[in-house]
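Engineer: Residue-level listing of the chains:
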Amino acid sequence: MTRSERKPYSLREIKERLGGEISGDPGVTVSRVATLESAAPECIAFFANERYLPQLKATRAGAVILGESARDATRLPRIVSANPYAYFARVSALLNPPRPPRPGVHASAVVDGSATIAEDAEIGPCAVIGRDARIGAGCVIGAGCSIGDTAEIGAGTRLYPNVTIYHGCLIGERVILHSGVVIGADGFGIAMDEGRWLKVPQIGRVLIGNDVEIGANTTVDRGALDDTVIEEGVKLDNQIQIGHNVRIGAHTAIAACAGVAGSARIGRYCRIGGASGIAGHITIVDNVEISTYTLVTKSIKKPGTYTGAYVFEPHSEWRKNAVQLRHLSELAERVHVLEKKRAQPKRSKP
Amino acid sequence: MTRSERKPYSLREIKERLGGEISGDPGVTVSRVATLESAAPECIAFFANERYLPQLKATRAGAVILGESARDATRLPRIVSANPYAYFARVSALLNPPRPPRPGVHASAVVDGSATIAEDAEIGPCAVIGRDARIGAGCVIGAGCSIGDTAEIGAGTRLYPNVTIYHGCLIGERVILHSGVVIGADGFGIAMDEGRWLKVPQIGRVLIGNDVEIGANTTVDRGALDDTVIEEGVKLDNQIQIGHNVRIGAHTAIAACAGVAGSARIGRYCRIGGASGIAGHITIVDNVEISTYTLVTKSIKKPGTYTGAYVFEPHSEWRKNAVQLRHLSELAERVHVLEKKRAQPKRSKP
Amino acid sequence: MTRSERKPYSLREIKERLGGEISGDPGVTVSRVATLESAAPECIAFFANERYLPQLKATRAGAVILGESARDATRLPRIVSANPYAYFARVSALLNPPRPPRPGVHASAVVDGSATIAEDAEIGPCAVIGRDARIGAGCVIGAGCSIGDTAEIGAGTRLYPNVTIYHGCLIGERVILHSGVVIGADGFGIAMDEGRWLKVPQIGRVLIGNDVEIGANTTVDRGALDDTVIEEGVKLDNQIQIGHNVRIGAHTAIAACAGVAGSARIGRYCRIGGASGIAGHITIVDNVEISTYTLVTKSIKKPGTYTGAYVFEPHSEWRKNAVQLRHLSELAERVHVLEKKRAQPKRSKP
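First to last, the sequence lines map onto chains A, B and C.
Every letter in the first sequence is one number past the one before it in the numbering used here, and letter 132, counting from 1, is 850.
Every letter in the second sequence is one number past the one before it in the numbering used here, and letter 10, counting from 1, is 728.
Every letter in the third sequence is one number past the one before it in the numbering used here, and letter 284, counting from 1, is 1002.
Rather than coming from a laboratory, the hints here were simulated on the basis of the structure.
Heads up, some of the hints might be wrong.
Since the list gives no way to pick one copy over another, a pair counts as held whenever it fits inside one copy or between any two copies.
Claimed, not checked - The list that follows gives simulated cross-link-like pairs (lysine-lysine, DSS-like), each with its CA atoms no further than 27 Å apart:
{"no.": "1", "residue 1": "775", "residue 2": "733"}
{"no.": "2", "residue 1": "1020", "residue 2": "1038"}
{"no.": "3", "residue 1": "733", "residue 2": "917"}
{"no.": "4", "residue 1": "1059", "residue 2": "1019"}
{"no.": "5", "residue 1": "1038", "residue 2": "1016"}
So here's chain A without its partners, still in its complex pose (with noise of 0.2 Å):
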């Protein structure tokens, strides 16, 4: 969705609105957010790093977001805040809104007769909205979307086109989802049969909570019996697959490509890898940080970073090393008899 024309503000404007203290002109405007290195006179970038010290010297940026300890690290006319790179961040919303809602149901959209849509809601072309579905109020529901029979999106709700809620799901207020996102697919429910799957029903849910965001071609699986709760303020990356029955608690962020198995529950506040792996029915708790590529396959209890990712090095060292471990056991075998015959005197001759 495109921006709307940009509108400049100064500094002391954007004072007003976030806060934070101005060192030099308060009367300076800027009109876009940039990078320190590709800044332009009516960009203002940000400094949040120490290695960035020479693009901060070099910058043409009209004026510069920094942390209390930076203040003095360039003349520009800057905003000094305790959180620069959240600052920035919400200079950079107000710079650039997403576009509003086009309030009504385009004419090639699909909208069952019993479904309940708000008047400022924005059906886009070609979506389709199931039996008794409710879109709230400055929803957007983009081209191609597909929203299940009984599915509810809450207010301020934006869906990127084709994304596809399954009957019966809740999202809720101020969530994004985008294109390709699949919300509530059948777990993967199978008993075994005498020599067949049989196919076990999952009649279970999604319930999404508010101000979720949920990246580009993620799936998350309705829960069997009961609800896949992804609980507020929890931001999933693309091409995440979480298992039904699973519970992600709030403000949890999970990096794209990782995978969460059924029944996991995922505490608060953790910080999830990419393409790393939560196996099914364990438990971890709130502020567990979990490292790129690691697979995780025991309840952790403890607050932490936990990593199990192996090194990578030039292919013919790896082939020697590799091959190893697959004698690991057997070395730790024989490290332990050095040990012992060490311990014990060499029998002497008689």
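Following the hints, put chains B and C in place on chain A, whose structure we already have.
Structural biologist: For chains B and C alone, kept in the frame of chain A given last:
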């Protein structure tokens, strides 16, 4: 697709349809399935794992399905079955029948004049059916699905919204394809020629057998020359990638996020864990189990379970240990040297 | 898209178009490509690997493409080429031309009045084209695709059904995007502020060069501030995730299920294996090969092959060995102690 109104069944009626043996009052009726924990009196639950004995003792369920050995673990009305989980799956299917097709082609669907659509099939809103495509009896083609030219969909098959079938692919009967599934996209066939990749046309098809279920956003590539084949009864979870010319044997189940590279052949009744990888051009025999996160780089000729995942640990521990991986070959050599020295007496001083 | 009727070509006609050298009867005609194994007499096959010598001996193909060194390995009519696989790709493209566009906008497509559509472009059923978007000459936009406001699609580009392009993204010429691809969704930009994640607006674009092909359900995120760039000739397989502000150099090929984290820069002519991961903010030089399942956490400054995958083994063996990984640092230390003791003579009894 929403479930129809729930009709209650007595245990006697259930037994008449599904077999098993009743203990307690056969006239008790149930209308819903539930877990032991969340069951209400109108619910039937199942007990298949001793770990849940406390939940069995405390359940408010109206009836329970359990195995022979647990026959006396409760006084609730119960059905005894040799395979309680499979029995439960059948009861759930009885109580939660899939919504029946709504025969007819939606006015917004686009069906090529040369396509053949069974009279009782349902073609949803904005679905697109190509030239000479065939849709079998009782099929449900969800909103926004695209069925390519000459593709065929067998009787009783369901496509949830936004599934894409490329031209020429053949889908069996009673297949379920979840939203975002892509069947028959080009395989990754490229040939380097004078500094540029040439595309190798992918002219095979995808053949999907009867009773296959494929999860949301899973992709199955068409064959390069011959076909990609998914045999009957195979169950694929979400976000799986199946490369060109792969063959997956009947009744094999693959968990989410796995990838199978081109021309691999997987046997029947295999169970492949989530996020695992099967290398190209290898063969895996029947009844092999691959663990989660395991990369299989060589053919497997013997049934059994195979694993290759890194174990996770607190990050600081991992740092210390993982770095040693790069010296593992050297470490093994050092142990070997120690062993040799130990075997030879130290040179005595002259 | 279905192939048009097959026209037979004589080897002489093929040579006139594609070069190479004929051995045997140049008047032999072929109308299909096939593997050596499944070829019928109207087929041309290729031989590029000595392993397939038995298949070459047994083939029923009418003609074969092979390398100089294999010139005399068969008596069949044959075309000798320095790069038989690339030659085969060209012959296959000749025999299997992609279905030509069917110019025109389908009646069910929704094209904004401000969009510019080339006269000979094909806009499929239920496709949606946004404000000020531009679709180039000879493009095919498949059913259900969504092209965002101000996006541009270069000449000769094909989008299979259900592709989504977000606003402002620029797609080059002769690009192929397979179903489920999402270009330009928001990158994963969030800032923690007082216990809640703030969204960092993602205002960059995605720029995709000429002759790029992107596989089914792959996602390429738009830049946070600057653009995400996929240079010309890049080939991406299915279900790959490309984070914001990544740059992928020309003619690099990436296999399925790989993930590239934000701001990573990958050089030209790299080959990245399936399910591998490239960490954010690192740089990989040209001509690097990354093995399947390898996580690259640091910049790579030298061409070569790099690997970091765990080797699989029977589960019981793995259990014994993998547990030792958690003691590897300790094991190395124990070996060190043994070496030191060995170096020092045992204290002799007084």
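Engineer: Are there hints from earlier that the structure breaks, and if so, what are their numbers?
Structural biologist: 4
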